[in-house]
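**Student:** Using the sequences provided together with the hints, build the complete structure.
Take a look at the letters that make up each chain.
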Amino acid sequence: MHPAPSIIIFTVFSGLGFGLMAYLGFDTDPLRGWNVLPYYLIAFSLSIGGLLSSLFHLGNPQRAWRALSQWRTSWLSREGVLAIVTLALNFLFGLSLFFSLDYSKNLGFVSGIFAIITVFSTAMIYAQMKTVPRWNNSGVPILFILCSLAGGAIIMGDFKLGLIGVILSTLIQLLVWVRGDKALKNSSTNISTSTGLKNLGKLRLLESPHTGENYLMKEMVFVIARKHVFKLRILSLCFLGVIPVIFLILSLSVGFLIGLAMISYFFGLLISRWLFFAEAEHVVSFYYGRG
Amino acid sequence: MTSLPRQTDKKLGLAIDLDTCVGCHACVISCKEWNTSNYGVPLSDVEPYGANPVGSFLNRVHTFEAKLEERPAQIIHFPKSCLHCEDAPCVTVCPTGASYKRTEDGIVLVNEDWCIGCGLCAWACPYGAREMDEVAGVMKKCTLCVDRIYNENIPEEDREPACVRSCPAGARHFGDFADPTSSVSKLTKERGGIDLMPEQGTKPVNKYLPPRLKNDIAQENFDVLRPLLEEHDKNISGFLSWVDKTLEKF
Ligand code: SF4
Ligand code: SF4
Numbered sequence: 000m001h002p003a004p005s006i007i008i009f010t011v012f013s014g015l016g017f018g019l020m021a022y023l024g025f026d027t028d029p030l031r032g033w034n035v036l037p038y039y040l041i042a043f044s045l046s047i048g049g050l051l052s053s054l055f056h057l058g059n060p061q062r063a064w065r066a067l068s069q070w071r072t073s074w075l076s077r078e079g080v081l082a083i084v085t086l087a088l089n090f091l092f093g094l095s096l097f098f099s100l101d102y103s104k105n106l107g108f109v110s111g112i113f114a115i116i117t118v119f120s121t122a123m124i125y126a127q128m129k130t131v132p133r134w135n136n137s138g139v140p141i142l143f144i145l146c147s148l149a150g151g152a153i154i155m156g157d158f159k160l161g162l163i164g165v166i167l168s169t170l171i172q173l174l175v176w177v178r179g180d181k182a183l184k185n186s187s188t189n190i191s192t193s194t195g196l197k198n199l200g201k202l203r204l205l206e207s208p209h210t211g212e213n214y215l216m217k218e219m220v221f222v223i224a225r226k227h228v229f230k231l232r233i234l235s236l237c238f239l240g241v242i243p244v245i246f247l248i249l250s251l252s253v254g255f256l257i258g259l260a261m262i263s264y265f266f267g268l269l270i271s272r273w274l275f276f277a278e279a280e281h282v283v284s285f286y287y288g289r290g
Numbered sequence: 000m001t002s003l004p005r006q007t008d009k010k011l012g013l014a015i016d017l018d019t020c021v022g023c024h025a026c027v028i029s030c031k032e033w034n035t036s037n038y039g040v041p042l043s044d045v046e047p048y049g050a051n052p053v054g055s056f057l058n059r060v061h062t063f064e065a066k067l068e069e070r071p072a073q074i075i076h077f078p079k080s081c082l083h084c085e086d087a088p089c090v091t092v093c094p095t096g097a098s099y100k101r102t103e104d105g106i107v108l109v110n111e112d113w114c115i116g117c118g119l120c121a122w123a124c125p126y127g128a129r130e131m132d133e134v135a136g137v138m139k140k141c142t143l144c145v146d147r148i149y150n151e152n153i154p155e156e157d158r159e160p161a162c163v164r165s166c167p168a169g170a171r172h173f174g175d176f177a178d179p180t181s182s183v184s185k186l187t188k189e190r191g192g193i194d195l196m197p198e199q200g201t202k203p204v205n206k207y208l209p210p211r212l213k214n215d216i217a218q219e220n221f222d223v224l225r226p227l228l229e230e231h232d233k234n235i236s237g238f239l240s241w242v243d244k245t246l247e248k249f
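As given, the protein sequences belong to chains A and B, one line each in that order.
As numbered in numbering that gives the first Met the number 0, the first sequence has no gaps in its residue numbers, which increase by one up to the final residue, 290.
As numbered in numbering that gives the first Met the number 0, the second sequence has no gaps in its residue numbers, which increase by one up to the final residue, 249.
A hint or two may mislead.
[As the list claims (entries may be wrong)] Label pairs and their in silico Cβ distance ranges:
| hint | chain 1 | residue 1 | chain 2 | residue 2 | range |
| --- | --- | --- | --- | --- | --- |
| 1 | B | Ser-182 | A | Ile-233 | 58 to 66 Å |
| 2 | A | Lys-184 | B | Ser-2 | 31 to 39 Å |
| 3 | B | Val-45 | A | Arg-289 | 21 to 29 Å |
| 4 | A | Trp-33 | B | Ser-2 | 46 to 54 Å |
| 5 | B | Asn-152 | A | Lys-184 | 51 to 59 Å |
| 6 | B | Glu-155 | A | His-1 | 39 to 47 Å |
| 7 | A | Leu-174 | B | His-24 | 41 to 49 Å |
| 8 | B | Gly-191 | A | Arg-225 | 35 to 43 Å |
| 9 | B | Tyr-149 | A | Arg-225 | 44 to 52 Å |
| 10 | B | Asp-178 | A | Leu-91 | 18 to 26 Å |
[Unchecked claim] So these bits of chain B aren't anywhere near chain A, every CB distance computed over 10 Å:
| hint | residue |
| --- | --- |
| 11 | Lys-9 |
| 12 | Arg-190 |
| 13 | Asp-222 |
| 14 | Leu-239 |
Calculated from the structure, these hints are not laboratory results.
The model shown is predicted, which means the values in this text are computed figures rather than measured ones.
Note that CB positions come from ideal geometry on N, CA and C, so glycine has one too.
**Tutor:** Okay, here's the thing in structure tokens:
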């Protein structure tokens, strides 16, 4: 699939923002007053920034409000609704912390839960796609959620949860790659089922419907960077796992290094999310001689 | 509403005969012609006369080669457009309600005034039957010529999809698959019509009639010219006949 920057930014930024909200919501001994303000500012900028970026992917963004209507069937619609509810809940909870009101732990808990469900629904937009076997995998929502929680913990400077989050999310990322690499083969779709011509023997595309490109090929038969996949995966593992772990451990003696862990993790996420799209094979490729 | 109807009264669709299609792309062109000036925004082209022309089409013809061992290769032209699936995944993923399946005849349509151009429905369709219009930013797809088949302003013989009407080989058939006595239902039954990618669970309405295995001329020792030559041999007389007979003696 075509790795559109707007969508990569949308999933990474909003994921981190909601992960941070989840941390703040679940915190048993939360910060108060001015101390909590910067964290909520970061959380809201990330999540709202990410959501706005997704609008750039649309052909007619001025009608985006319509996307809130079909939550009964559509994960994209659910994501929109949940994101708004989560933002509202966290705004309330953040205010109660800021004004050091007699805040309600339950409100924090609910805000955190909604933040996680929102990330889950973001992941489900992709994981629901039967047409993209690499995505149609229970590991995908787990990965999205773990990445956002780990990111939230590092932003909060939480060494222990940050370290656990980084290690777990990197492991799950590996698992998602390993599983994903077999997904297209293991799915029962192939050129025989897509054309129904299996009794005629070995099939290949002889002529494509036209000499140029089309929307489908640009959007779904994206193959440009597949040859760099291995290198990019190594890079992603370094930035996502190895470097953050080193900086997290070093941060025990030199505190500010946790900031470098965060920067590295952020770049790792961008690379891994780029790969998530670029590597994904859509079954329509069988009609275009790729697959 | 992007919930799918539990059942539709009719199941309008196409039976496409892969044995008959000659790959002339007439359906592609007449589809583009009709649909660029009727339902919804025009089917735009970008850089139509430039180096890399692209444009939206609702119907495209692919060509495959099939080869069994010890047999000559066989060419199959493969027209593909929306199959108006009963369990259309493109409809349920749509966040705006722009994509819907009609209860009365099962046609899957896009309401272009509601479509935000997110492209999710095109991702969800396994067949590549939806294309985003680059100029208007809305999703385009086969309407089964909903503006022809019920159109009382055009002659009755034109009230079928443009692709069906224009196919010079008669490879495309239009009808109601819910009615077991309809021509398309009968054709599908007789010819063992198949679903594309049945494992995707979309339950396509359109059916494909599989091609026959072509004759293997080499193996059947079949000589196209033989009957003509025999005829010719019989009629030989005079000098040539004398040459022929003389030569045969050696
Ligand atoms: S062929 Fe594709 S666009 Fe048409 S109804 Fe089926 S899934 Fe939807
Ligand atoms: S592109 Fe339009 S029709 Fe398709 S899912 Fe998005 S809003 Fe619905």
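**Student:** Decide, hint by hint, whether the structure agrees.
**Tutor:** Each hint tested on the structure:
The hinted window of 58 to 66 Å between Ser-182 (chain B) and Ile-233 (chain A) holds, with their beta carbons roughly 59 Å apart. Between Lys-184 (chain A) and Ser-2 (chain B) the Cβ separation comes to about 34 Å, which falls inside the hinted range of 31 to 39 Å. Between Val-45 (chain B) and Arg-289 (chain A) the Cβ separation comes to about 23 Å, which falls inside the hinted range of 21 to 29 Å. Against the hinted window of 46 to 54 Å, the Cβ-Cβ separation of Trp-33 (chain A) and Ser-2 (chain B) comes to about 48 Å, which satisfies the hint.
In this structure the hint that Asn-152 (chain B) and Lys-184 (chain A) lie 51 to 59 Å apart at CB holds, the actual value being about 52 Å. One distance hint, 39 to 47 Å for the beta-carbon pair Glu-155 (chain B) and His-1 (chain A), holds here, with the actual separation near 45 Å. The supplied range of 41 to 49 Å is met by Leu-174 (chain A) and His-24 (chain B), whose beta-carbon atoms lie about 46 Å from each other. Hint check: Gly-191 (chain B) to Arg-225 (chain A), Cβ distance near 38 Å, so the stated range 35 to 43 Å holds.
For the pair Tyr-149 (chain B) and Arg-225 (chain A), the beta carbons lie near 47 Å from each other, so the given range of 44 to 52 Å is met. Against the hinted window of 18 to 26 Å, the Cβ-Cβ separation of Asp-178 (chain B) and Leu-91 (chain A) comes to about 57 Å, which falls outside the hint. At roughly 23 Å from the closest C-beta of chain A, the C-beta of Lys-9 (chain B) stays outside 10 Å, upholding its exclusion from the interface. Every Cβ of chain A is farther than 10 Å from the Cβ of Arg-190 (chain B); the closest lies at roughly 12 Å, confirming the non-interface assignment.
Consistency note on Asp-222 (chain B): stated as away from chain A, and its beta-carbon is indeed over 10 Å from all of that chain's, at 25 Å minimum. Here Leu-239 (chain B) stays apart from chain A, with its beta-carbon at least about 45 Å from theirs, past the 10 Å limit.
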